[in-house]
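Colleague: Since the structure of chain Y is already known, use the hints to place chain B on it.
There are 2 protein chains.
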Amino acid sequence: MDSAELLNLLGNANRRRILKLLAHKPCYVTEISEYIGVSPKAVIDHLQKLEDAGLIDSRTDDQRRKYFSIARNLRLEVRVSPYEFGTKSAYPANPEFEMPSCRHLSIDVGEEGAGNFHDLARELEHLQQLENELSLAQRWVQARLTDVRDRIDSGFENGDGRLYAELVSGLANGIDTVPALAREIEAPPEIVEEALHRLEDDEVVERTDDGWEIV
Amino acid sequence: MDSAELLNLLGNANRRRILKLLAHKPCYVTEISEYIGVSPKAVIDHLQKLEDAGLIDSRTDDQRRKYFSIARNLRLEVRVSPYEFGTKSAYPANPEFEMPSCRHLSIDVGEEGAGNFHDLARELEHLQQLENELSLAQRWVQARLTDVRDRIDSGFENGDGRLYAELVSGLANGIDTVPALAREIEAPPEIVEEALHRLEDDEVVERTDDGWEIV
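Protein chains in written order, with our numbering: chain Y, 15 to 229; chain B, 15 to 229.
Just chain Y, same shape as in the assembly (with noise of 0.2 Å):
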């Protein structure tokens, strides 16, 4: 599932409120509907939707009725800024998934424990710190980025810095050619050639035998 399909879905009050509710507990259709004050018919077509997009499932009990629960793990992050709207949407894959090294980033990732309660809840506490603080430290990224932005964008006239700020944002993603570039910031190929060779001026950029790269 895509970000746009998630925030289509994400963008209507009720569905939201069933999946709050779900992710308390495995609810049938009527408990749903008497919750959230919405006709049965509605709550179906709503379960529909969050099923037919994979984020719910169900299962059907001994007394033959049908609980509705959310199926994955799912993650979906939305960033705007003066020179940005970008959503990303991942699934935090499985418990077995490794934390790979990271370059400018280190994690204090604790012990785990042997498994009895008392260290699954020491573990939990840990895990939702470590959450609170990556949650700051992307807040502190994001207005460090604008403000980057801000300073190449005011060292050109005419708003060109944008130009520039963007093109070297598609390199630091490892964008690195002509027609990804232009492409990725809709702009014709002519341009941002012409872009790229004022930025190898500067000694900003480089070419290399496939493409572009940031000094």
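Warning: the hint list may mix true and false statements.
No copy labels: a pair is met if it fits in one copy or bridges any two.
EDC-like, lysine to aspartate or glutamate: derived pairs with alpha carbons at most 16 Å apart [claimed, not checked]:
1) Lys39 x Asp215
2) Lys34 x Glu45
3) Lys34 x Glu91
4) Lys39 x Glu171
5) Lys102 x Glu91
6) Lys34 x Glu171
7) Lys34 x Glu217
Keep in mind that the hints were calculated from the coordinates and are not lab data.
Here the structure is a predicted model, which means the values were calculated and not measured.
Modeller: This is chain B only, laid out in the frame that chain Y set:
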């Protein structure tokens, strides 16, 4: 602006396209209308909603043409898991915002460049790599959180484990009194009280002067 209002706004594909365009460059109504293929009247309506929410603002140039641009930094996170549906929105503050010290996280923030174009480009690249690493770390934490909640849940019968996992989560986030915990997890205070005593017997939590905390 709260997360719910933001999700309602972003649930519309044309509003997302307008934001994407304004992140690229400031635009006036006719430009936006032609670019996204929507009538000027509808564009004005979307712009009004975005402006009311403080997401965009406008300035009028010498030719009395009104340009719209994105007003501020904003970040929205949505987490979905079998145990959680959480949304969080935050303003990344101003560029002077200092990265606070974190208990479990350390970041190589790099040197701030002298301010020439080459240094700014390097800093932009560095910050984008850091942003990607932080996203990766968030996904890893979310997968581990779900795993720990699963393990707590499976230690109890009848799905009671969810209640205990939610209580421990609440305490980990500094919600430490019976009434506040009852509100947080939407359960009657008596049930919360009873569960806390059970957790106390297991030496997972203890009573403090003001409430409860994880041991």
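Colleague: Hint by hint, which ones does this structure get wrong, listed from lowest number up?
Modeller: Numbers 1, 6 and 7 - these are the hints that the structure violates, sorted from lowest upward.
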